[in-house]
Structures are given as C-alpha cells and as structure tokens.
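Given chain A, put chain B in place with the hints provided.
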Amino acid sequence: MRQGFRQSMAWLHTWSGLVVGWVLFAVFVTGAASYYRAEISEWMRPELQTGAPIDAGRAADLAADYLRAKAPAAQGWFIGLPQPDKPVTELYWWNDLVSPLQHALLDPRTGAPSPARDTQGGDFLYRFHFELNMPPLWGRWIVGLCAMVLLVALVSGIVTHRRIFADFFTFRRRKSLQRGWLDAHNVTGVLALPFHLMIAYTGIVTLAPMYVPWGITAAFKGDETRFFVEAGLSPEVRLPVGKPGSIVSLAPLVATAQARVSEPLEHVAVYNPGDAAATIVTIFEEPKGLAHLHPQIAFDGATGAELGTTGLVRPATRISAAFVGLHEAHFAGPALRALFFLCGLMGAAAIASGLILWSVARLPKAGERPGLGFRLVRALNVGAVAGLPVGLAAYFLANRLLPVGVAGRADLEVRIFFGAWAAIALAALLRPHLRAWREALGLASLLFLAIPVVSALTTGAQAFDGAARFLGFDAAMLATGLLLAFAASEAGRTRPPRRAEPAVPAGRPAQRAAGTPQARSAAPAPARRRA
Amino acid sequence: MTERSAAGTGPNGTGKAEADKAEAAMSRTGIPRSGLSYRAAVAGRVVLAALGGYGVAALCTALLSLTLPLVRSEAVTVATLASFAIMVGAVVYVFAARSLARAALGLGAVGLLLGGGLWLVNGFA
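Residue numbers (my numbering), protein chains in the order written: chain A, -8 to 522; chain B, 1078 to 1202.
One chain only, chain A, in its complex shape (with noise of 0.2 Å):
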C-alpha cells in the first residue's frame, strides 16, 4: 500500500511535538508571564516606589559616574534611564563579547547602588524563555530549533486534521481517557492556532540574523553592522581608534535628544566609553504602532556633536519589525495583552495536552510491563508540566522570604527555582504516575495560593502603602493557585485508566482512535469524506 500525505503528517506531529514538547512547555509559560515582566519586577522589587518625577539627565550622568568607577574599559555601557513606573536606573555593561553581561541598579536621585532587594525579577523569565538560563548563544539555538520544529509540528498538525473548524466545538471530556485529551488537545491547539502559528513564526524572526545570516553574508559580505544600518536599524557607529579619551556629560545630551523626538527617551548606550572616539547612543521607546523601532541619534563621545540618527525604514524592514511588534506585543492595551497572555497558555496547555495524548495512546495492557520509553516519557510529563509551576511559585515566595540583605540573593532565587522544579521532576520518577501529578500539581496549587499571604505578611507596610499595589499580582496567583488545584482534583478523580473500553457504538467504527493520537482524522471513512 502506498502511504498517504496524511498520515506521514499524522507521524510528523506525533513524534516532532513529542522531542521539543517538554522544552516548549516552558517557553510557552516563561513566554506568556514576559508580557507581564514588568509587573513581576515591580512586585519582586516593593521597596521601589513610584510616583514623583526623576530627573533624567542626572540620573544619567550618575549612572556614567558609576560607571566610570567600575568599568572603565567596558566595551559598552547601556544605561536604563527611570521611567515613571519604574524608578529605577538600570545599568549593564560589557567588556567583551564574551563574558556574561555585567548588571547594576542604581537610585536614579543619588547614583549609589538601588535599596531594592537583589533579583533578576521578571526579566529572569523573560530571559529563560529564550535563553534558557543557558550561555546565551547555545540557549538561542536550542530555543529556535524548538520554535522551528513547533512550526512543523503546527504545520503537520493541521494538515492532519479533517475537521479543523467542528474540532472548535468538540470536547468529550467523559467519553474515554484518550479522546477526552485528544480533544482537549484539539480544542487548545486549533481554538489559538492564529497565535500559535504567529508565536512561534515572529519568535523565530526576532533572531533571525543569528539564524540566518546568510542573506547579510551574501549581499554584505558579513557586515552585519552596514546591514543593520542600510536598513535604517542603527546609526553608524565608530569603531575604537586605540587612544584614550573621555566621555562628555551625559545631561545636555539627554536633553538634546528629549527635545528632537516625542516618544519617551529609554536608554542610553556607550560604545567604548574609555576611547578618543567613543560614540553616546540615546534610544527612544518604539513610536505607536506595530513595528518594534527604536528611533535613536548618534553622538560623538568626546565632544557630543551629533554623528546621526537612524535611516529611512523601508515596508520589508517594517515588515519585519511588524513581526518582532507582534511578538512582544509592547503595542497593546490592557485587554489585548491579557488576550495574548491566555492565548499563551493556550498554548502551553495544548503542547501538555500533547504530551500527554502520547502516554494515553500507549497504555500498556493489563499485566504488560511499561517499556522504558514510556515511563521516561511519562515521568518528563510530570517533570516538565506540573514541576515548572512548583519551580515558579519557589521563585516568588523566595524572593519574599530570603533575607534581603543576604549575599548573592538573586543567584539564590533562581537556585530555588531550579531547586524546587529539579526536585519534582526527579520525585515524579520515584512516586507511581498519577500520585506524582497529583501531589505535584497539589504543591503547586498550595505554593501559588500561599504567594499573597507570605507577601502581605513579609512586605505588609509596602504592598498596602497607597492603593494595594499588588491587587492584580496577587490575583493573577490566587486564580493560578485555585487553577493548579483543579487541576490537581481532576488528576485524583482519574482512577488508573484501563485501555479496555466500553463496547464500541456500533456504526461509527472508524471514529474510535487506535495507535497515533491523528488516527482517527488520518482513517479515511468514506462517509466523512463525502460530507
């Protein structure tokens, strides 16, 4: 028999959802709380508050002071200038390509080191959704391949399916173990595909240059950085000439810069501060609209006379910016974020509905040992999809019951949540199947529910210092906390599933799935094809 395009699809979701679905599973997650990064820094940070208006200029020059103390021969500086709700200066540098990224954060009024407690907050999710918490070249790599099998796996999933639009409808929780997830699966795949294919597509572009350089190597000759400035990305940048030399205030230019562009001034980038041709960088906020571009202007270091400003964007390169806007969804409102924050979860919820649907499908019989494939795979699930929200909620009650005074508190923090996910994931391997998902989804839930009592009673006269800062925060974890415990219960209520099962109504053979979850799609019944 020949085989048909189908069903070498049905194969191809199966088997490339199965590889990248325990990575993917925490991108999605990691991913989904980024769109709300910067509220998981205020809430890892109570000690900063908001409100009076900050001098930027000085927090800049203050910012270079500190700078010029610690890192004098960095190869850059990138100073994160406060911003009405976040006061906050925020320092990274480097003295090369190589050695990881040097980070500090500054009170923007005095320059000394910040009061705020020590964390990485919410751009350390931010960072694991891409990075890994991997040296960041492997991270990028291992995270795209996933994001490019994803694509395959979308791709092949929905040539697999027949009945894309009537799978929207169809979710027969109570009708057997298998079709209850694989429709579950169906529901949470197709109902976001839009976002899913959108996701995992603009994720993949927003380090498309590092993927494929190919283009730039052939039309540039490797110049990534004449591409980035044809195409209107950056202005020029001058390469160090070797003598030292000093920088200017830092003030006058931001005034300078304030003055030339309406958007909000966010940062401001040294290129080798400790030389005669040091180049300042002032970057603006993307201006309202889809496309991620920064608008910045170029200034001389040594005497700030400006060198120029970004180019001409053309509709291809905005295009491409479109993609990256869309990803990072820095465009929208309140609503649409929080939409694309679910459709996130959606999306995770369809990669462990997958992941699961595998196991299901190849139960072993009665009496038949479980090969070791199976269990692996089965003690990953647990591992993967109930030990991440055990590691997520460490990670914040960590940050509010660590001293804050304790040495190298933001390393711990994520030890913790390294900790605390490694831990379940190993249990899961000692315990018998559904017990572990059970009493992990359980922890889970009693972690999340726990997070705004431990933070109301560890940071009391800073969470209700004006009007409840952390109403949403917390709320975002009871609704976590009370979800975990549902799905902890539904677990619980599952009795060992038996694969014999009931008689199968008679006539609609072909709907009953054997074998690969797609089966039942891939069978060719020659009624549903006629319909």
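Rather than coming from a laboratory, the hints here were simulated on the basis of the structure. Please read all numbers here as calculations on a predicted model, not as lab measurements. Some clues are possibly wrong.
[Said to hold, decoys possible] Taking lysine to any residue and the SDA-like style, the derived pairs with C-alpha atoms no more than 25 Å apart in a straight line are: (1) A:Lys212 to B:Leu1128; (2) A:Lys279 to A:Thr41; (3) A:Lys212 to B:Val1119; (4) A:Lys212 to B:Gly1193; (5) A:Lys212 to B:Leu1189; (6) A:Lys212 to B:Pro1146.
Frame of chain A; chain B shown alone:
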C-alpha cells in the same frame, strides 16, 4: 488502503499492539517499526530534514538577497523572513516523500539548482 484502515478501525481499547500496527503503517517502506533499518531510515530523514532543509533555506536566502529587485537591505530582509517558511516546506517534503532516497534526491536537486544560481550571480565570491 487496507493496512491503514485496519490500523484506524480497531476499537479504542486494543492497546499497544494496535499502536504498533498503526505506526508500522507509518513506515513508508513497509519495514516493521521496531526494525533497525526502520530506525535508520527515520534517523536519516531527521538528519536530511535538519541539514538539508537548513541548507536549502540558506542557499535560497543568499540567492534571493542578491537577486530580488530591491535595495539590498530590503532584499536581505525579505529573503530572511521567507527562509523559515522555506525550511518548514523542505522538512515537510522530506517526511512526506515516499522514501529517504527520493527525499534526498529531491532536496539535492533543489539545492543544486539554488547553488548553481548563486554561483551564476557570483554569490560565492
């Protein structure tokens, strides 16, 4: 169609044997799923899809970057944006082809054409 129908019509409760059968049916070569040669064929397709798919996408990006009638930064951007769709198409083709050899031949032919085109426009200079 018979083998596939048999895999699809079994009642839901028949277990792993049924699953195995369904997947044996997925082997386009008819070799049993658990056989070493089946595994090798799958591994071959994975490697071909990853490396061959990326290779075709990379060549296509380079060629389009040099030949699209646009400002060169725009040509690079269009080509790069399209490259991921091209790679997905190539991967789908590799797994949909009737045999590994056929997939390799098809992808190789496309790669040769693209490479030849790139050579003609001095893309390797």
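| Straight-line Cα separation of lysine 212 of chain A and glycine 1193 of chain B no greater than 25 Å? | With Cα atoms ~19 Å apart, lysine 212 of chain A and glycine 1193 of chain B stay inside 25 Å; holds.
| query | Is the hinted pair lysine 212 of chain A and leucine 1128 of chain B satisfied, with a Cα-Cα distance of at most 25 Å? | reply | holds, 23 Å
| said: Holds or violated: lysine 279 of chain A and threonine 41 of chain A, Cα atoms, limit 25 Å. | reply: The given pair, whose Cα atoms are some 24 Å apart, holds under the 25 Å limit.
| query | Given the hinted pair lysine 212 of chain A and leucine 1189 of chain B, is their alpha-carbon gap at most 25 Å? | reply | Holds, at about 22 Å.
| Pairwise hint evaluation, proline 1146 of chain B against lysine 212 of chain A, where the allowed Cα distance is 25 Å at most | With Cα atoms ~18 Å apart, lysine 212 of chain A and proline 1146 of chain B stay inside 25 Å; holds.
| Straight-line alpha-carbon gap lysine 212 of chain A to valine 1119 of chain B, limit 25 Å | violated, 37 Å
Checked against the numbered hints above, the structure violates only hint 3.
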